[in-house]
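Trainee: Given the sequences, and given the hints that come with them, work out the whole structure.
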Amino acid sequence: AQSVSQHNHHVILSEAASLELGCNYSYGGTVNLFWYVQYPGQHLQLLLKYFSGDPLVKGIKGFEAEFIKSKFSFNLRKPSVQWSDTAEYFCAVNTNMFSGGYNKLIFGAGTRLAVHP
Amino acid sequence: NAGVTQTPKFRVLKTGQSMTLLCAQDMNHEYMYWYRQDPGMGLRLIHYSVGEGTTAKGEVPDGYNVSRLKKQNFLLGLESAAPSQTSVYFCASSYVGPYEQYFGPGTRLTVT
Chain A
1 AQSVSQHNHH VILSEAASLE LGCNYSYGGT VNLFWYVQYP GQHLQLLLKY FSGDPLVKGI
61 KGFEAEFIKS KFSFNLRKPS VQWSDTAEYF CAVNTNMFSG GYNKLIFGAG TRLAVHP
Chain L
1001 NAGVTQTPKF RVLKTGQSMT LLCAQDMNHE YMYWYRQDPG MGLRLIHYSV GEGTTAKGEV
1061 PDGYNVSRLK KQNFLLGLES AAPSQTSVYF CASSYVGPYE QYFGPGTRLT VT
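In order, the protein sequence lines correspond to chains A and L.
Using this note's numbering, read the first sequence as starting at 1 and increasing by one per residue.
Using this note's numbering, read the second sequence as starting at 1001 and increasing by one per residue.
Derived from the structure by calculation, the hints contain no laboratory data.
A couple of the hints might just be wrong.
Unchecked claim - The calculated BS3-like cross-link candidates involving lysine-lysine, where the alpha carbons are at most 25 Å apart (straight line), are:
id: 1; chain 1: A; residue 1: 58; chain 2: A; residue 2: 71
id: 2; chain 1: A; residue 1: 49; chain 2: A; residue 2: 71
id: 3; chain 1: A; residue 1: 104; chain 2: A; residue 2: 71
id: 4; chain 1: L; residue 1: 1071; chain 2: A; residue 2: 104
id: 5; chain 1: A; residue 1: 104; chain 2: A; residue 2: 49
id: 6; chain 1: L; residue 1: 1070; chain 2: A; residue 2: 104
id: 7; chain 1: A; residue 1: 104; chain 2: L; residue 2: 1057
id: 8; chain 1: L; residue 1: 1009; chain 2: L; residue 2: 1057
id: 9; chain 1: A; residue 1: 69; chain 2: A; residue 2: 58
As the list claims (entries may be wrong) - Pair ranges (Cβ atoms, derived):
id: 10; chain 1: A; residue 1: 39; chain 2: L; residue 2: 1110; range: 18 to 28 Å
id: 11; chain 1: L; residue 1: 1077; chain 2: A; residue 2: 15; range: 40 to 50 Å
id: 12; chain 1: A; residue 1: 12; chain 2: L; residue 2: 1028; range: 38 to 48 Å
Said to hold, decoys possible - Some chain L residues judged to face chain A by a derived CB distance under 7 Å, without partners named:
id: 13; residue: 1040
id: 14; residue: 1041
id: 15; residue: 1043
id: 16; residue: 1083
id: 17; residue: 1100
id: 18; residue: 1103
id: 19; residue: 1106
Each residue gets a CB set at the ideal place from its N, CA and C atoms; glycine is no exception.
Mentor: Take a look at the structure:
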């Protein structure tokens, strides 16, 4: 089935540790890729996005993600996490393969990140 | 510029009751969406709209209806609430094309 998979459901890190969250998708065609973050009690905010061009994209708060087309992956990274990065992270994809065009985002199940001081 | 707003923030319903969730955006976006968020399942699209007067089904439309009478508003209705509809509901909007979506603060609905 076509899907967006986030392999880590819960991640616990200490401050200053490096972070990598996996995201794989199984859609063909042209894809647009997003990472959203949801801080406790808040709504989803865009962290970064990839539409085309340089497959290494940089987002807010020191996050970056790399699009590897051959692996259908868009992993999120941060070299050194902070306690304030505690949140739930969602990978999302839209693609021209959906009826109705590009406007439907399919989300992964999310990864809960807890950063301990 | 308030972005995307949702009312109410919280609601408790009894099985069989009806209610309407209101979403409003002030960014002049053409597209609007309703999602539900359940633990371990991410966000799933219920219905969406590509313009005033239009609506379309998403991934999980059963038990919900929507209306987009004004460009800035997108209403989600539950005609006969069921416990399976206990969830957090998010509204979002976007410009035309493959752009990011902007989300509202969510409505936590509990159906007993």
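Trainee: Against this structure, judge whether each hint is valid.
Mentor: Tested hints:
no., hint, result
1, 58/A - 71/A, "holds (20 Å)"
2, 49/A - 71/A, "holds (18 Å)"
3, 104/A - 71/A, "holds (22 Å)"
4, 1071/L - 104/A, "holds (18 Å)"
5, 104/A - 49/A, "holds (15 Å)"
6, 1070/L - 104/A, "holds (21 Å)"
7, 104/A - 1057/L, "holds (11 Å)"
8, 1009/L - 1057/L, "holds (24 Å)"
9, 69/A - 58/A, "holds (17 Å)"
10, 39/A - 1110/L: 18 to 28 Å, "holds (22 Å)"
11, 1077/L - 15/A: 40 to 50 Å, "holds (45 Å)"
12, 12/A - 1028/L: 38 to 48 Å, "holds (42 Å)"
13, 1040, "holds (6 Å)"
14, 1041, "holds (6 Å)"
15, 1043, "holds (4 Å)"
16, 1083, "violated (22 Å)"
17, 1100, "holds (5 Å)"
18, 1103, "holds (4 Å)"
19, 1106, "holds (6 Å)"
Violated hints amount to a single one, hint 16; each of the other numbered hints is respected by the structure.
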